[in-house]
Amino acid sequence: MGRIRLENITKNFGGLQVLKGINLEIEEGELVVFVGPSGCGKSTLLRQISGLDKPSSGAILINDRDVTEVSAADRGLAMVFQSYALYPHMTVKLNLAFGLQNAKMPKAEIETRIADAARMLEITPLLSRRPGQLSGGQRQRVAIGRAIVRDPTAFLLDEPLSNLDAELRVSMRAELGALHARLGATMIYVTHDQVEAMTLADRIVVLRGGQIEQVAAPIDLFERPANRFVAGFIGAPSMNFLTPEEAASLNGTPPAGAALIGVRPQHLEPADSGLTLTVTLVEALGTETVIHGEIAGGKRLLLTLPGHRPVQVGGQLTVNADPARLHFFDAQDQRIG
Amino acid sequence: MRSDVKTWIGAGVTAPVRLLAQMADVPLRQWQRLAGRGGMIGFFLLPNMLIFGVFVLVPLGINFAYSVTGGTAVFLPDRSYVGGANFDRLLDCTNHFDPNSCRDDVFWIAVWNTVRFVGLQVTAMTICAMITALILNSKIRARAFWRAVFFFPVLLSPVVVGLIWRWILQRQGLLNYLLYQFDAEQVNWLTERGWAFTAAVGVSVWAHVGFYALILLAGLQAIPRDLYEAAEMDGTKPARAFWRITLPLLWPNLLVVIVLSLIRAVQVFDEVYVLTGGGPGTSTLYLTQYIYEVGFASTLRNSGVASAASLLMGGVLVVLTLLQLGLTRWRDRK
Ligand SMILES: Nc1ncnc2c1ncn2[C@@H]1O[C@H](COP(=O)(O)OP(=O)(O)O)[C@@H](O)[C@H]1O
Ligand SMILES: [Mg+2]
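Note that the protein sequences, when read in sequence, are chains A and B. For the record, in the first sequence the residue sitting at position 85 is 85 according to the working numbering, with numbers rising by one throughout. For the record, in the second sequence the residue sitting at position 144 is 144 according to the working numbering, with numbers rising by one throughout.
Rather than coming from a laboratory, the hints here were simulated on the basis of the structure. Using N, Cα and C, we set each Cβ at its ideal position, and we do this for glycine too. Each hint should be verified, as a subset may be incorrect.
[Claimed, not checked] Calculated Cβ distances over 12 angstroms to all of chain A for the following chain B residues:
id	residue
1	Asn137
2	Trp146
3	Phe152
4	Tyr228
5	Ala231
6	Thr236
7	Trp251
8	Leu311
[What the hints assert, rightly or not] Straight-line alpha carbon distances no greater than 25 angstroms define the calculated DMTMM-like cross-link-like pairs of lysine to aspartate or glutamate that follow:
id	chain 1	residue 1	chain 2	residue 2
9	A	Lys299	A	Glu246
10	B	Lys139	A	Asp53
11	A	Lys107	B	Glu232
[As the list claims (entries may be wrong)] Derived, one-sided and incomplete: chain A residues facing chain B with beta-carbon distance under 10 angstroms:
id	residue
12	Ser50
13	Ala73
14	Asp74
15	Leu77
16	Ala78
17	Phe81
18	Gln82
19	Ser83
20	Leu86
21	Tyr87
22	Asn102
23	Ala103
24	Arg203
All chains should be built: construct the whole structure from the sequences, respecting the hints.
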């Protein structure tokens, strides 16, 4: 069981309000990702849930029990730190055993749990080593192992992959996904990397400035961003935003009240009529071609085309989009329709 | 704006240095052309070697020479060669644990006093430094202020330390005055054997604890906070976190503290000499004071015996210093 409920969580550091009333419900077995720009309060929110820090106001419920005043140790959660925070003077095995020994678990049980976790994470040959003798990826596995052996109500992971190199990050990401599927445990995963968020999450919580901007499944977030911030934050390269005047030549008519029209670079394609842009830069990645351009009036526009396209810098290109792919926002930057 | 001023002041301060460096540049280039790069090493080491030689090596040699001579003459050429007689006198005991059975009983009283002092002082120092460092490392109010307070005695001259505490502890001192105000029984802190010993240990701990606490504090601050948070998530009680995480990770620093304070405790002299003068009787007489009194303070100066005693103590210190060097190397390798 691992249902977590956040009610109106706020957190102040001195005069600075870092969390501004967070309400969220996390279901049993769900993998929820907190994503947002650096400094938006992701780690702070995770620390309130973990019990390492106490919220200034609001309540935290785990399986309907109010744990706001309960110590970190007694919440039954396990945390994986960005720095791994392995005990440097203990062997891998002791690192895994330490929390269980604290709980006065019988030796035999500790042994089985460590053996199981080590097998699952393929770290059995490393058990007698110290963290200093491990590579980054191996340390990461040990850190996850330390959480697994505790058999926690939920896993809390704070940017667990950001200290790994790009290649390892991709493979560990896939492994974490598989691990979640296998354990079926509730996980809260913090990252500033939207690809990690999109690939791993059952649901994504987009945070900005200590507030939740949107909670949705990855694909819904991509297809129906609730506001301009989410629309711009999710998806790479970022969505193009046009005023109704600039977008007038695009297919479709904006609904009443639309102050801003958004269109993703992937959804713009060459067409006979539409927006004409002057190409300023072409990035040929092989798998896709990213074209930077300027439309009349000087607004910059981005589009990506699949595969390799020979496009001339300085040339003109007319593009258009499927009207169903357009996003409309009102004057308050909220989604329309 | 402020950084402008700083730059300006900095330039002013460094200008003479830069001028000197430029003046030295030409001759040094010439020298390097003659001596090669290897020769430059010797050149730069020379000033330090000179100082080390004049103030350490030469006196050490003279000390050796004095230790095998006798009589009361001050100048070495006037003194007679006695071979190992001074060492014989110092080491001649039927039972080394009983100063009364020794030819030079005062030396052995000083030896065993020093051993007792070192044992208690190093233990007390390590524990006090540890507690101080833990407190200074916690989230207390005005932390920087308290750090300064504890470090301040380290900056005092040992004589000042001795005097301050004598004023406090002497028969009509501050402490007894306070006891009198509260109608408590007054104690002759410095003239009762047990109390005098305790005072000697206590004052020397007070005077140096800030230094060792600083070493431990540096070690404590080098332990990542994440570890304690991981331990907290792991359900570790604070006491267990101390024994299982803080202490093992602080162990290298702790070893340095123990060995350094050991070396200094063996050499104890100034603050205790000012505080108790070695008394009552010989109860706080330590080795350095013995050497000082035999060699310089008594009417019949016996430089030979004092030198021999210095060499014996020096031998012990060399062993301890090597131990410290070994430990530091071991720590750096870890
Ligand atoms: N202990 C603290 N004291 C003061 N400010 C803090 C503290 N912890 C975090 N903050 C501030 O709170 C904001 C959010 O921090 P954090 O939760 O770490 O962001 P992130 O989303 O990058 O994890 C930042 O502006 C940070 O400076
Ligand atoms: Mg963070």
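Hint check:
{"no.": "1", "hint": "Asn137", "result": "holds (18 angstroms)"}
{"no.": "2", "hint": "Trp146", "result": "holds (22 angstroms)"}
{"no.": "3", "hint": "Phe152", "result": "holds (31 angstroms)"}
{"no.": "4", "hint": "Tyr228", "result": "violated (9 angstroms)"}
{"no.": "5", "hint": "Ala231", "result": "violated (8 angstroms)"}
{"no.": "6", "hint": "Thr236", "result": "violated (5 angstroms)"}
{"no.": "7", "hint": "Trp251", "result": "violated (8 angstroms)"}
{"no.": "8", "hint": "Leu311", "result": "holds (41 angstroms)"}
{"no.": "9", "hint": "A:Lys299 to A:Glu246", "result": "holds (9 angstroms)"}
{"no.": "10", "hint": "B:Lys139 to A:Asp53", "result": "holds (15 angstroms)"}
{"no.": "11", "hint": "A:Lys107 to B:Glu232", "result": "holds (21 angstroms)"}
{"no.": "12", "hint": "Ser50", "result": "holds (6 angstroms)"}
{"no.": "13", "hint": "Ala73", "result": "holds (4 angstroms)"}
{"no.": "14", "hint": "Asp74", "result": "holds (8 angstroms)"}
{"no.": "15", "hint": "Leu77", "result": "holds (7 angstroms)"}
{"no.": "16", "hint": "Ala78", "result": "holds (6 angstroms)"}
{"no.": "17", "hint": "Phe81", "result": "holds (5 angstroms)"}
{"no.": "18", "hint": "Gln82", "result": "holds (8 angstroms)"}
{"no.": "19", "hint": "Ser83", "result": "holds (5 angstroms)"}
{"no.": "20", "hint": "Leu86", "result": "holds (8 angstroms)"}
{"no.": "21", "hint": "Tyr87", "result": "holds (6 angstroms)"}
{"no.": "22", "hint": "Asn102", "result": "holds (4 angstroms)"}
{"no.": "23", "hint": "Ala103", "result": "holds (6 angstroms)"}
{"no.": "24", "hint": "Arg203", "result": "violated (24 angstroms)"}
Of the numbered hints given earlier, the model fails hints 4, 5, 6, 7, 24; all others are met.
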